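Here is what each chain is made of, one letter per residue.
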Amino acid sequence: MKVIKSIFLLVLSLFICAATFGQEEVIIRGRVLDKSEGVSVIGANVIEYDKANRVVNGTVCDINGDFQLKMKDRSNIIKVVMIGYNTMTIPSTAASNLTIELVPTTRQVGEVIVTARKRDELSLTNIEERDIASARVKIDMEDMRESGALSAADALQGKVAGLDIIGASGDPGSGSQLVIRGISAMGNNQPLVVIDGIRQQPINEYSGGSEFDLSSADQEDISNLLNIALQDIKSIEVLKDAASTAVYGAEGADGVLLIETYKGKLGKVQFDYSYKGSLQFQPRAIPMLSGDEYVMLQLEQWHNKEGVFDVPPEIAYDKDYVDFYNYSQNTNWLGAITRVGRTHDHYFNLSGGGDKTRYFTSFSYIDEKGTTLNTDAKTFISRINLDYFLSKKTLFSVQFSYTNERVGNNVQLDDGSGTNRTRNVREMAYLKAPNMSIYKFDAYGNPTGEYFNPINSYQGSGSVYFNPVAVANLSTDDRRSNRLQNNFTLKYSIAPWINFRETLSFQFGGSKSNNYLPYNALGNDWLEWTVNKAEESNNINTSINTETQITFNSPFDSSAHNISGSLAWITNQAQYEWMNLQARNLPFGDETATGGRINWIGDGSGESRNVGALVNLNYKYKDRYLVQGIIRADAYSLFGANNRWGLFKGASFGWRFSEEAFMDNINFLGESMFRVSWGVSGKPPETGRGLPDVTYARFATYESGSYNYYTHTGVVNTQIALDNLKWQSVTQTDIGLELSLFNDRLYLEGDVYKKTTSDMIFSPYYISSSSGFQNVPYFNGGELENKGWEMMMVYHVIRKKDLKVSFNFNSSHNENAFKGFPDNFNKEKDVTIGDGKYPLRVEEGQPVGSFFGFRYLGVYPTDEDAYARDASGNLLMDYAGNPLPMTYKDYIFRGGDAKYADLNHDGKIDLNDVEYIGDSNPDFIGGFGANIKYKNVNVLCGFHYRVGFDIVNRNAINTQGMNDKNNQSKRVLNRWRVEGQDYKDMLPRAFMDHQANNLGSDRYVEKGDYLRLLNLMVTYQFKNEFCQKLNLRSLDLSLSARKLFTITNYTGEDPEIGQDASDPYWIGEDESNTPPPRIYTVSLSIGF
Amino acid sequence: MKMKILPKIALIIPALVLSLSCSDWLELEPPNGLIREEFWQTKEDVESAVMGAYHTFAAMDEALFKYGEIRGDLVAGDNNQAVDERQIMEGTIYSENSMCNWSEFYKVINYCNEVIYFAPGVQSKDNTFTDYLLYGYLSEVYYLRSLAYFYLVRIFKDVPLVLDPSLSDNSNLYLEKTDGDVILEKITADLNEAYNWATVDGYLSIFDNKGRATKPAFDALLADIALWTFDYQSCVTHCENIERFNKYEIVPGQEWFTIYFPGNSLEGIFEFQLDDNLTQSNGTYGLTNFNAFNYYPSEYALELFDPENVDEFDLIRGLGKSIKEQTEDVFIIWKYVGMFGDNQTSRPNSIQNSANWIVYRYSDVFLMKAEALSQLGRFDEALAAIMEVREERSLDFPENLVNTPGRYEDIILEERARELAFEGKRWFDLMRMGRRNNYSRKIELITIMVRNAPSTQKRILQTKLTNPLSWYLPIWETEMERNKNLVQNPYYNF
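Chains A and B are the protein sequences, given in the same order.
Here the first sequence stands for residues 1 to 1088, where the numbers follow our numbering.
Here the second sequence stands for residues 1 to 494, where the numbers follow our numbering.
If we strip away everything but chain A, and leave its shape as in the complex, we get:
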């Protein structure tokens, strides 16, 4: 709170400053002319400066060269500034009606443009942007400001070839997953984020491994991208090849995103306000059985298993049963927890500046309400960018940014499987018996007003089969986080050809999570550890980063040879602290508690350090041949002395063939380049899910506290020492071609690449438990290769004054394959087959995420059909001459059971019948879009597609298996019931507690291909005259729709499945998170 207060004070003081200058107002009018030709100069800046040379006010000349300036103070001076002319200073005593004649500068305008070419200041190299000979893409974010995009990641989706972005879930505050050029590592593949040249410290959300929430683990990783207002982002640049990422040495292996924010511009104060209001609609849910249909199915399941059986009272519809009214409803659980979401997004910014100081400051407030009951997020973001020109040679910049975020969610509960997997309310709503009531009725059918939450229901324990509406409404799971960043940069020009830069950056991230489960949210015995359970965790992360850089250009003037380069020294220090406490049986409201008890307390802290040194050299010959090289050495405190230093390098070569003399005749060719690059970059291990904190992972660690024996202190070794931990390194080669054709009308870029990850980090790497440990938490070994191509195209179809039409397209293809495994690595995992289980296998030469399983061939219509047959179709007989039935383990298949391909014709469905059935890597990903601008109307649309991948529809496994007490989808109404039934798309029979009909087979593997209209936006820009009447600079109104429709054959809720390969056996499963909603947005932006 203190921080917020100080921000407001700062804002207030800015306004006060502005107000104190409001003394003697005088209006000055004039016309600006070109002195040599006598014509009027359009668009010159007329700026009022006070005695301290600060900009007070300013205006721009209109089409006739006329201006009108309301001077704040008569004694101030006025400067008239225009590119191509010498700046003219008008003394304070001048008349109020002026004719100003500007003298053209002796330099040619063309030269001005050359010097205005931007240098790549944000990165550690010293090179002009157009000369960069490595694979990188820069996206201008201007267009995306008014779209309904929720975050920068959202806005980037489908825009960059080779960048795969997958939304984690549709809940407020959840993030996205970014993968550049395929999965290159196990676990986190998120690129490094660099904002305005400052490397963003990843938040270390380590909380001691207790109740670590798997579904949110990835969301934190990209919080850096969320914690910046979309409107503040000027551009995002994606570095893809190792020659460009080697600059970031140990952390660049997964690619780098360079984000540039707006800076203050020379001119008078500008003030912008924009508002976006959105409505979010959940896509139509999978239709589930009604209460009656569910009960019918359950009776059938029991009957098929046990023949005659005792009908449990919950599904017997017995009017004498005390809970009759509570078990005879038709509840739509999904409908009960879903609502229409909405978002309000307010954004202000203020910018301006003079010769000495330029500033940009912004505030944004976003209030989101999610489509699932009781999920919301409120975010406040502010940013101040200040540049002080201390002298002609010295620039001092300060950046300050602050984010405050509060995300409210529903508590997730253990799913009772003993694997620490949690279940959210949406998943529960799918499973919950629909014959159960949301609210409790008494024995006579009178509503009691309480949630119906039995300790044990027909489905099972009340803490596993909870009432999702009760948990959504009563439980709280809040996460509040603050992020603060302060950067100071000093640039000093030692000589015209040599510059010095020192950057110091402080980052602070703090978060606090609370969750609470009141007694009435779950059906529970009062003494259970989940009753009135509260948990609180705190995390604090701080980091200090320094960068010291000397950049130089060739000191001699030569038109043919051009040398530039830089030397840099980088240090990072990151510290963290966390605390976690859980207690139960706490007093709640007016309920008396039985005495609160602590379930656990944990805390921890740590520090990691990193130093790096960098040399970069660029050479250009005749503006045609470009050679660039970089070497960086990095050392990390994570590693033992033996593996501490890593060397990263990159080299690239570019040939701007369009500048060659022999190409002069080819008129349609614009500036085009052929480039080749090679490089090595690295990646340190990251704290894995539920694994020991990586900062000190190399130490054998002992723990005390919970290992006491009677009254004696007990200590045990909980973590094995890692003597071999080191970097994971990525070597990448890239060949690219950039073509600009037909007067820049058509731009084409294509790349082919090969990327090899070696010393791949497994986290964890499982070892034999006879060692006393389950795993080595971090282990280097194996090789993974990604190769592919990508292309992008921008085509400006029409470029007239009133009508502009452009079209863009990008596509990429990536092939991923294992190239080697560690010595003791087992290529098979969970080879036991069973209910909904897929045997997990990896093979050299095969990609991450291949599915293996049975071939599903439909349903046996009759018992006779279930007899085993040999390869030629003859019945297999036993010794007595009776036909042998098909079997799975001890189970004998009968009519109505699932038919699987018996590949070896032995009459047994077992591991020998398992084959390759799919792959979760897309063949092609990309997007296309169009931008049409007609007079004041701008229409923008963007599509995103992923093609050629398969998904295991876990949701279908859970809702079509018909072998447990979970609710099932309406699809099961089409099931086998009577001997001899045989019709199209029939599902197997219902059978309680049985695996055989629900084995991991291609029945649940579906094509995930989709094409999605990601964004459709119409903007109307009000005419200047209209704006002036309202005393405004600009006024835009836009309507947009996000994720309006998706074309797919996938039958699950949404085919956008994360590429979250936390281990080599990963396969892409649809775990039914909240799917991304359709969002309709109205936005209004006003410039003052």
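These are calculated hints, taken from the structure and not from any lab test.
All figures in this text were calculated on a predicted structure; none of them were measured in a lab.
Please note: incorrect hints may appear among the correct ones.
To be verified - Pairs of lysine-lysine residues, derived as DSS-like cross-links and limited to a Cα-Cα distance of at most 25 Å, are as follows:
1) Lys819/A <-> Lys484/B
2) Lys186/B <-> Lys215/B
3) Lys908/A <-> Lys458/B
Stated by the list, open to error - Per the computed footprint, the stretches of chain B lying under chain A, defined by three or more beta-carbons under 8 Å from a beta-carbon of chain A, are:
4) 158 to 170
5) 271 to 279
Even glycine gets a Cβ: it sits at the ideal position worked out from N, Cα and C.
Given chain A, put chain B in place with the hints provided.
Leaving out everything else, chain B in the frame of chain A:
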């Protein structure tokens, strides 16, 4: 001038950073964690490592109950019984069954191996760490390690024999199996050596004397191992050693329940100490209380304790003692739930999870001795040993006892069932009988085991159990996947 100073300052900063020694700057140790470099410094460190091993073993009480009972015939499963456990009970055992996960035993073994590896070195750092203390601690961890291996061999037959601690990712973490008999020889030798260093009752409190390895506890374990390997003479010797210490007494019948509540009775030789208030909770309460719907006494157990069947026979350790009639005709296991043997008073909330896990007690020793003696043909002495227990309990003995090893075997088995019901002994007793004299009484074992199986499973189970290798559990699938050097146990190797 002012402008010129700033860049100079800026140049000094990196120069300062550079001048710091890089390797020192990067050498960071955890601020609040305990790392090996800081541990193993004092005798207290050694003691706490020993206690960590005890704690970990004690925390396995629930597993020890299951390993010892569910394949036997004294317990039956209820609704909340885990699927994996039910499958074990029904004899449909596949290697993916989580009961085959041996990792907790190996945790204990690794902790013990650490002490054996590091403790001697501590003497040079801590002058007060005397030989007496060092060897005392060593004897305790040798005891725990041997006990863990004894369980493993009885459950899995051949298992990896790990004798060195897993220090780092450079250690050999993928060991092969060692023959179970070789392991038993090894631990017998270890125990015999460490026996000399163990105390008789030199610990400071009763909890220590019952809860930590003492010479009598060594003898009890050695007797048990000897009985398992059919070395009857050695078994008798160790049992007699315990008698000679003259430290224990058979608890009289009226006070029989004090063995379980408050525990640490006169009879207790080695009991894992559990106390919920010290957050060392037992798992057996959670398994056997009425609301757990997990395990309750089997039909056979009810028969054993039914006063109508067996005169007033076993009221002293029967109804209201070993079991309790919760509601009409619904019985629960009472040893870990009750506070008194009155069929009524349950443990209050605060100590519900505080029941010790008894590994060895005096009556067990007499019954082991009786078993060994009867197999040696020393029937009178065997009878005397049985009567040592029964007389103190004020119990008669059935007449017409024929002096054959088989008859004595049956009698002792039944006596052990009554005395040690639900204490994780039954399955191993049955296995011992089935293995004896080259599986000569295999059929009896199978009959007993099938007794408890559901009717549909009886025939299948009977066939399966004919192969004695099926009495052992398979190696856990996950373990097989992680360690390529393991070979699946023969019966399950298909």
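Results of checking the hints against the structure:
1. Lys819/A <-> Lys484/B: holds, 20 Å
2. Lys186/B <-> Lys215/B: Satisfied, since the Cα-Cα distance of roughly 19 Å is no more than 25 Å.
3. Lys908/A <-> Lys458/B: Satisfied, since the Cα-Cα distance of roughly 23 Å is no more than 25 Å.
4. 158 to 170: n = 9 at 8 Å, threshold three: holds.
5. 271 to 279: holds (count 4)
Going through the hint list in order, the structure satisfies each hint without exception.
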